[in-house]
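Residue numbers (the working numbering), protein chains in the order written: chain A, -14 to 94; chain B, 96 to 206.
Simulated from the structure, these hints should not be mistaken for lab results.
Each hint should be verified, as a subset may be incorrect.
In silico negatives: residues of chain A with every beta carbon more than 12 Å from chain B [to be verified]:
1. G1
2. A5
3. T47
4. S50
5. E52
6. D66
7. V92
Below, a list of computed lysine-lysine pairs in the DSS-like style, where the Cα atoms sit at most 30 Å apart [stated by the list, open to error]:
8. A:K81 - B:K123
9. A:K51 - A:K81
10. B:K165 - B:K121
11. A:K39 - B:K123
12. A:K45 - B:K123
13. B:K123 - B:K165
14. B:K108 - B:K175
15. B:K165 - A:K81
16. A:K39 - B:K121
17. A:K81 - B:K121
18. B:K175 - A:K81
All C-beta atoms, glycine included, are put in the ideal place defined by N, C-alpha and C.
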Amino acid sequence: GDQVEQSPSALSLHEGTGSALRCNFTTTMRAVQWFQQNSRGSLINLFYLASGTKENGRLKSTFNSKESYSTLHIRDAQLEDSGTYFCAALSSSFSKLVFGQGTSLSVVP
Amino acid sequence: AQTIHQWPVAEIKAVGSPLSLGCTIKGKSSPNLYWYWQATGGTLQQLFYSITVGQVESVVQLNLSASRPKDDQFILSTEKLLLSHSGFYLCAWSLEQYEQYFGPGTRLTVL
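So here's chain A without its partners, still in its complex pose:
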């Protein structure tokens, strides 16, 4: 079935540095969403991409549907960026959003 493999599972960054998260898809996906889950459990929408690249402040995301992957780049990390990041892919099946396992990001001074 549809699966999403997200890496890394955990990441620690010093303030001001950056890194990338990646999701690989086992089947062709129509679109991808990236979320940040905060300590209360709320899911904050970061990006929705059907293709290409989007940028918002210190975050940039790319979705390559042909090669079945998506990335989320974080630059100049801040303490408030800490949390769990999820990618989720919209499958060809109607309205099914398949989540990756999440990346626990910790930004330290």
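Once you have looked at the hints, place chain B on chain A.
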């Protein structure tokens, strides 16, 4: 103004007791609605979706049921809770099959 509201915020229930969780969407006409479940420390799993009043499709069987009695309301329920039902339940909406937006969630503890 909050578009999506979930109730209750949290519940502590006994095994075998009934459960009803609710979700209301304001300001959106005929949204698609979804229920998700997240085990503690785990990922999110889609449970149900609905594209119109009275119509609900099951994605994963977890001994739960869902109903959509009104265009803006989505209900998740069961007559007998299991320990495995503990977790975080999130409702989401989208316009047609596009970007999904999530509610604040309900944290359920089954003892």
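Hints and how they fare:
The non-interface label for A:G1 is consistent with chain B: the shortest C-beta to C-beta separation is roughly 29 Å, beyond 12 Å. Every C-beta of chain B lies more than 12 Å from that of A:A5, the closest at about 20 Å, which supports listing it as non-interface. Remark: the non-interface label on A:T47 is consistent with the geometry, its nearest Cβ contact in chain B lying 17 Å away (cut-off 12 Å). No beta-carbon of chain B comes within 12 Å of the beta-carbon of A:S50; the shortest separation is about 15 Å.
Every C-beta of chain B lies more than 12 Å from that of A:E52, the closest at about 22 Å, which supports listing it as non-interface. With a closest Cβ-Cβ approach of about 19 Å to chain B, A:D66 is found to remain outside the 12 Å limit, as its non-interface label requires. With a least beta-carbon separation of about 20 Å from chain B, A:V92 lies farther than 12 Å from that chain, consistent with its non-interface assignment. Taken as a hint, the A:K81 and B:K123 pair is honoured in the structure, with Cα atoms around 20 Å apart against an allowance of 30 Å.
For the given pair, A:K51 sits about 19 Å from A:K81 by alpha-carbon distance, which is consistent with the 30 Å threshold. Taking the CA atoms of B:K165 and B:K121, the gap is about 12 Å. The hint holds against a cut of 30 Å. For the suggested pair A:K39 and B:K123, the alpha carbons sit about 26 Å apart, so the restraint of at most 30 Å is met. As the CA atoms of A:K45 and B:K123 are separated by approximately 29 Å, the hinted pair is consistent with the 30 Å bound.
Among the hinted pairs, B:K123 with B:K165 is consistent with the structure: their alpha-carbon atoms are about 13 Å apart, no more than 30 Å. A hinted pair counts as satisfied when its Cα atoms are at most 30 Å apart, and B:K108 with B:K175 qualifies at roughly 10 Å. For the given pair, B:K165 sits about 22 Å from A:K81 by alpha-carbon distance, which is consistent with the 30 Å threshold. Of the pairs offered as hints, the one joining A:K39 and B:K121 holds, with about 28 Å between alpha carbons and a cut-off of 30 Å not exceeded.
Under the criterion of a C-alpha separation no larger than 30 Å, the hint pairing A:K81 with B:K121 is consistent with the structure, at around 23 Å. With a CA separation close to 27 Å, the supplied pair B:K175 and A:K81 stays within the 30 Å bound.
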